[in-house]
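In the numbering used here, the protein residues as written are -8 to 75.
The hints are simulated quantities; they were obtained by calculation from the structure and are not laboratory data.
Since we're looking at a predicted model, the values are computed, not measured.
You may find that some hints are simply not true.
Using C-beta positions, here's what the derived DEER-type ranges look like [unchecked claim]: (1) Ala33 x Glu(-4): 53 to 61 Å; (2) Ala(-3) x Arg67: 35 to 43 Å; (3) His59 x Pro37: 18 to 26 Å; (4) Arg67 x Arg3: 26 to 34 Å; (5) Met32 x Glu(-2): 50 to 58 Å; (6) Lys18 x Gly55: 19 to 27 Å; (7) His59 x Thr(-6): 34 to 42 Å; (8) Glu(-4) x Gly58: 29 to 37 Å; (9) Ser(-5) x Thr30: 50 to 58 Å; (10) Ala(-3) x Met32: 48 to 56 Å; (11) Arg31 x Leu61: 21 to 29 Å.
Yeah, the Cβ is synthetic: ideal placement off N, Cα and C, and Gly gets one too.
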Amino acid sequence: MPTSEAEIEVLRQEIDKLDAEILAAIKRRAEVSQLIGRTRMASGGPRLVHSREMKVLERFNELGQEGHTLAMLLLRLGRGRLGH
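I would like the entire structure built from these sequences, with the hints used as guidance.
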């Protein structure tokens, strides 16, 4: 357990770095998901695939209710605005 302010600062810097990596990954995930949706719609398919979304939700179950909430937010971000 950290005992000094210097150790705490090092850990906070690590969290800041992780936050930046997570944010970049979330942005990329949303881009890829929106591209999939547009591609699917352009070929006459549905924009969303319920079974695929259920798999995403299952993947986040290990984090409990917060994981479910996080997965729902990621799915919502990935859907984007219809027609864009």
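| Which numbered hints are broken by the structure, listed smallest first? | Of the numbered hints given earlier, the structure breaks none, since each of them holds.
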